[in-house]
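Trainee: The listed protein sequences correspond, in order, to chains Y and A. The C-terminal residue of the first sequence carries number 266 in full-length UniProt numbering, and the numbering is unbroken. The C-terminal residue of the second sequence carries number 305 in full-length UniProt numbering, and the numbering is unbroken.
Calculated from the structure, these hints are not laboratory results. Since the model is a prediction, treat every value here as computed from it, not as a measurement. Don't be surprised by glycine CBs; every beta carbon is placed ideally from N, CA and C. Among the clues, some could well be false.
As the list claims (entries may be wrong) - Computed footprint of chain Y on chain A, listed as stretches where at least three residues anywhere in the stretch have a Cβ under 8 angstroms from a Cβ of chain Y:
#1 25-32
#2 104-113
#3 131-142
#4 176-186
#5 253-266
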Amino acid sequence: MRALRGTLLSLVVLVMLLPVYAMFALSSASDATDLGGLTFDASQLGEHLSQLFGQGDFPLYLRNSMILSLGVAVLEVVFSGAAGYALAQLTFPGRRVLFTVVVGTLSLSPIVVLVPMYLVVKQLGWIDSFQGMIVPFMMSAFGVFLVRQFALSVPRELLLSARVDGAGELHIFLRVGVPLLRPALLTLFLLQFLAQWDNLLWPLVVANDPRLWPLPVGLSQLQTEYDFSIGLVSTAALVTAVPPLVLMFVLQRYYVAGLTLGGVKK
Amino acid sequence: MTLTARLDRPAPRVSGRGQRWAEARAGSLLALPAAIYFLVFWVVPFAGAVYLSFTSYDLAGLPEWTGLDNYRRMLDDPGFWNSAEVTAVFTVASVVPSIVLGLAIAVPLSKPGRLNGVLRALVLIPAAMPLVATSMVWSAIFADHGLANTLIGLVGIEPKPWLTEEGLALWALVIMTTWKHLGLFVIILTAGLQGLPSEVFEAAALDGAGPIRAFARITLPLLRRTLLFVLVIAVVGAMQSFVPAFLLTKGGPAGATEVLPLYLWATGFGFERMGYASAIAMVLLVAMLALSLVQFGVLKGGDDG
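Looking at chain Y on its own, in the form it has when it is part of the complex (with noise of 0.2 angstroms):
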């Protein structure tokens, strides 16, 4: 019974990886009618990988990819940290206002504020540039109250001991708070480089030179450009699909808590 059930779930499982096997064999099809066959040919992807980063601008795309998703991640965790850490430990004036705000905010979503967000970015002057992509993404409302949460278990007494010790507010916020809040940050770190890594609505409106695009505006290109051959433009979701997954299983464990926040009755 035991083994029958192991049996058949793995089964299921491998049956879902299929279309991530269809990856790789598509990465390397040598022509756009090689679409069926699961045959994988390491060479034929040798080729492609050397075309992708020899030619075009797949290298170009990859670093603003980079730069955007880990400039929100890193911002994310700093701010978020820091307004997550304060609303759980610290009296200030118009604590209250900033957390209602903040659970307000939950409920919205950026297709929801996408034309008046744009308008504010149009107003800075910051159409097609990169703070004009980080920086409406670089805090949110899931990442203050995901930090306020969890600060809100580091106990008191560890606080007033290091202020009993005459330590200042920001010191204890650096030396005590932030180390006790890591697995939150890195839960955030997570989430956000992913959630920016696949973003493609945002910089579809905000970025209108193809000198900033990120993956996936340059790969949504790709596909529709018929000098790429399906070998060629898999071979780039390939690549694309790299930095997620092996974060991914570096930080599984923050991974899972992050999506299981929430859901489960503590």
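Assemble the complex: chain Y is given as a structure, and chain A must be docked to it using the hints.
Mentor: Same frame as chain Y, but now just chain A:
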């Protein structure tokens, strides 16, 4: 009782008022960037979206107040109704199988097993892959000579033009979306199942409850909170889905996959009708909020927790 006496003593107030001042200063400093950020990029845009939805605005000049015109126009706009319907069908058709299949995989996966750790990691791979990369692979899978047609050919079904036939294209998107999100739901449901108290199941087994009975009478009710969470994120996520329709079909053929976010984007940035696009955004927001509330109401009804 010296010990109690010591515990009862109030916590030391570190230099009283000076401490409060230091805390307020540090707190304001740490929260200031957030305050500015949320004001500029969410509060102002949200207020702007509400305002713009009552105006006509084409990016040139100033928005012109037109009252409820945008909302009235929406009532007679076949393009809007088509995309609202497409979004509704897409949401129901992708959410139901993701959750049912997710549960079917999560139940055995949450039990102890030698391979389960590995399987849990593998099941997440589709969810961790970038949506853009997976969309490109799926557009090849759904191509005329693609894997989908090869597979159905094995059981003797004629090849189908998945992405170019009106009755099929939306279902192709549904299949891809279900596949993409399944792992996510499996992991959340697995965590929920593992958090259930085992005593209840042992007691039920002693009372002679079979596995199906135990699942229906104990597992599902206890899992209600997790199911609600998964349902809400699935529905809200499906209603905002933009990338698959944009990359696989561009909303075609003949609007068959023109989901609401795609229609909104095309209205605003294709035709520069920012006021009308904002009105569509408002309707989308209200629909998402209403559905979330209904879900909370239905699933929490009669819940004492």
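Trainee: Each hint should be assessed against the structure and marked as holding or not.
Mentor: Results of checking the hints against the structure:
Here the segment 25-32 of chain A counts 7 residues with a CB under 8 angstroms from a CB of chain Y, which clears the bar of 3, and the coverage holds. A stretch counts as covered by a chain when three or more of its residues have a beta carbon under 8 angstroms from one of that chain; for the segment 104-113 of chain A and chain Y the count is 5, and the coverage holds. Look at the segment 131-142 of chain A against chain Y: 10 of its residues bring a Cβ nearer than 8 angstroms to a Cβ of that chain, three or more, so the hint holds. As drawn, the segment 176-186 of chain A meets chain Y at 4 residues by the rule of a beta-carbon pair under 8 angstroms; at three or more, the given contact holds.
Residue count for the segment 253-266 of chain A with a Cβ under 8 angstroms from a Cβ of chain Y: 3. That meets the three needed, and the coverage hint holds.
When held up to the earlier numbered hints, the structure conflicts with none and fits them all.
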